[in-house]
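Using the sequences plus the hints, can you model the full thing?
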Amino acid sequence: MPNDPAPTPDRRKIIDGGFLVLLAVTLLAAGLVAMKYGATHALATAVGALGFLAVLLPKVGAGLFVAAAIPLLLPREKVSALIGQESGWRGLLLASAAGALLPGGPGMTFPLAAALFAAGADIGATLAFITGWSLLSLNRTLIWELSFLDWHLVGLRVLLCLPAPLAVGLAARALIGRRERPRP
Amino acid sequence: MNILIGTILLWGLVGLTWAKLATPPRRREALAATARLAAFTLPRLFVAMIGAALLAELMPADRIEQLFGRDAGFRALLLAALLGPITPGGAFVSFALAAAAMKVGATPAAALTYVTSWSLFSLTKLLAYEMPFMGARTMGQRAALSLPIPLVVGTIASLF
Numbered sequence: 001m002p003n004d005p006a007p008t009p010d011r012r013k014i015i016d017g018g019f020l021v022l023l024a025v026t027l028l029a030a031g032l033v034a035m036k037y038g039a040t041h042a043l044a045t046a047v048g049a050l051g052f053l054a055v056l057l058p059k060v061g062a063g064l065f066v067a068a069a070i071p072l073l074l075p076r077e078k079v080s081a082l083i084g085q086e087s088g089w090r091g092l093l094l095a096s097a098a099g100a101l102l103p104g105g106p107g108m109t110f111p112l113a114a115a116l117f118a119a120g121a122d123i124g125a126t127l128a129f130i131t132g133w134s135l136l137s138l139n140r141t142l143i144w145e146l147s148f149l150d151w152h153l154v155g156l157r158v159l160l161c162l163p164a165p166l167a168v169g170l171a172a173r174a175l176i177g178r179r180e181r182p183r184p
Numbered sequence: 185m186n187i188l189i190g191t192i193l194l195w196g197l198v199g200l201t202w203a204k205l206a207t208p209p210r211r212r213e214a215l216a217a218t219a220r221l222a223a224f225t226l227p228r229l230f231v232a233m234i235g236a237a238l239l240a241e242l243m244p245a246d247r248i249e250q251l252f253g254r255d256a257g258f259r260a261l262l263l264a265a266l267l268g269p270i271t272p273g274g275a276f277v278s279f280a281l282a283a284a285a286m287k288v289g290a291t292p293a294a295a296l297t298y299v300t301s302w303s304l305f306s307l308t309k310l311l312a313y314e315m316p317f318m319g320a321r322t323m324g325q326r327a328a329l330s331l332p333i334p335l336v337v338g339t340i341a342s343l344f
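Keeping their order, the protein sequence lines are chains U and P. When we follow my numbering, the leftmost residue of the first sequence carries the number 1, and every step to the right adds one. When we follow my numbering, the leftmost residue of the second sequence carries the number 185, and every step to the right adds one.
Incorrect hints may have been included.
Which stretches of chain P does chain U cover? Using the computed rule of at least three CB atoms under 8 Å from a CB of chain U, they are [said to hold, decoys possible]:
no.: 1; segment: 234-246
no.: 2; segment: 259-269
no.: 3; segment: 299-306
no.: 4; segment: 324-335
Keep in mind the hints are simulated off the structure, nothing from the lab. Note that the Cβ used here is the ideal one computed from N, Cα and C, for glycine as well.
Okay, structure coming up:
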């Protein structure tokens with residue numbers, strides 16, 4: 001692919017181990033449902049799921065575009081400089097917020113986290129970034145969580161998880177950071 | 185309704201991103217990246233949606249009530265936290281299963297514990313992405329520090 005300096009591994013294998021496990025579990029579930037309720041019921045369940053998928057697709061399409069396009073807009077060096085240094089609370093807050101706001105799946109988040117870590121981010125900011133993405137990913141909450149769960153419940157979860165990235169970052173700094181930080 | 189709101193918000197973001205990309209070559213680049221991402225995501229989504237619906241059918245309603253209902257207490261949260269990492273597939277599977285379990289009697293606290301545990305410790309993410317990129321040591325440190333979070337979230341949620 002020309003003009004593609006981004007180190008994000010976009011060209012992941014479409015059929016990998018994770019996909020095969022998913023496929024195997026789905027086929028197993030289909031077999032068990034067919035045995036328990038009959039093949040017609042299993043088929044009807046699958047068709048019903050596809051109907052829901054059709055309703056979701058406009059949203060999924062938008063989500064995919066945002067996830068793919070925003071990394072092109074972010075100046076990598078700048079992001080890395082902002083949360084890359086040991087910058088106290090501000091660094092942890094920025095790292096947590098960046099994790100929550102950056103769209104994209106694990107294939108984008110973990111390479112970016114590894115890059116920041118290598119570029120001099122401390123363990124606290126790195127873990128705050130990963131935890132912020134894990135618990136507060138805006139993209140995932142908008143596309144998936146709110147499609148299935150009531151917004152009251154989603155709101156409660158987000159509220160309860162809000163301090164978690166900071167807590168993990170602070171704990172990492174207190175317990176691991178001082179000893180292990182490789183000095184450049 | 186939830187789906188509609190999310191869809192409108194995301195398309196707004198698409199419009200904004202599109203405007204920011206400004207030039208045709210950058211827009212083409214973004215569309216190509218979108219196509220690559222879609223090739224990865226859509227087959228998973230297709231299989232996972234069907235899988236989640238089938239797994240929800242298999243959920244024994246009476247056992248869910250017993251295992252994750254009001255009377256199950258802290259044990260329900262512990263079990264929910266253990267189920268998170270081993271849920272296969274993407275976000276859709278865990279959210280769909282949590283919603284299905286709540287329909288047949290699981291408490292919101294158990295559902296939140298499960299979803300939080302999946303978010304932090306999904307084995308698919310850990311093994312396929314975190315370990316390769318971060319290394320086992322850093323992954324282990326993060327997991328150890330995050331271990332109490334699902335239970336803390338569930339315990340506080342059960343007070344509401």
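So, going through the hints one by one against the coordinates:
1. As drawn, the segment 234-246 of chain P meets chain U at 8 residues by the rule of a beta-carbon pair under 8 Å; at three or more, the given contact holds.
2. Residue count for the segment 259-269 of chain P with a Cβ under 8 Å from a Cβ of chain U: 0. That is fewer than the three needed, and the coverage hint is violated.
3. Check on the segment 299-306 of chain P: 4 of its residues sit with their Cβ under 8 Å from a Cβ of chain U, so the three-residue criterion for coverage holds.
4. Chain U is given as covering the segment 324-335 of chain P, and this holds because 5 residues of the stretch bring a CB closer than 8 Å to a CB of that chain, at least three being needed.
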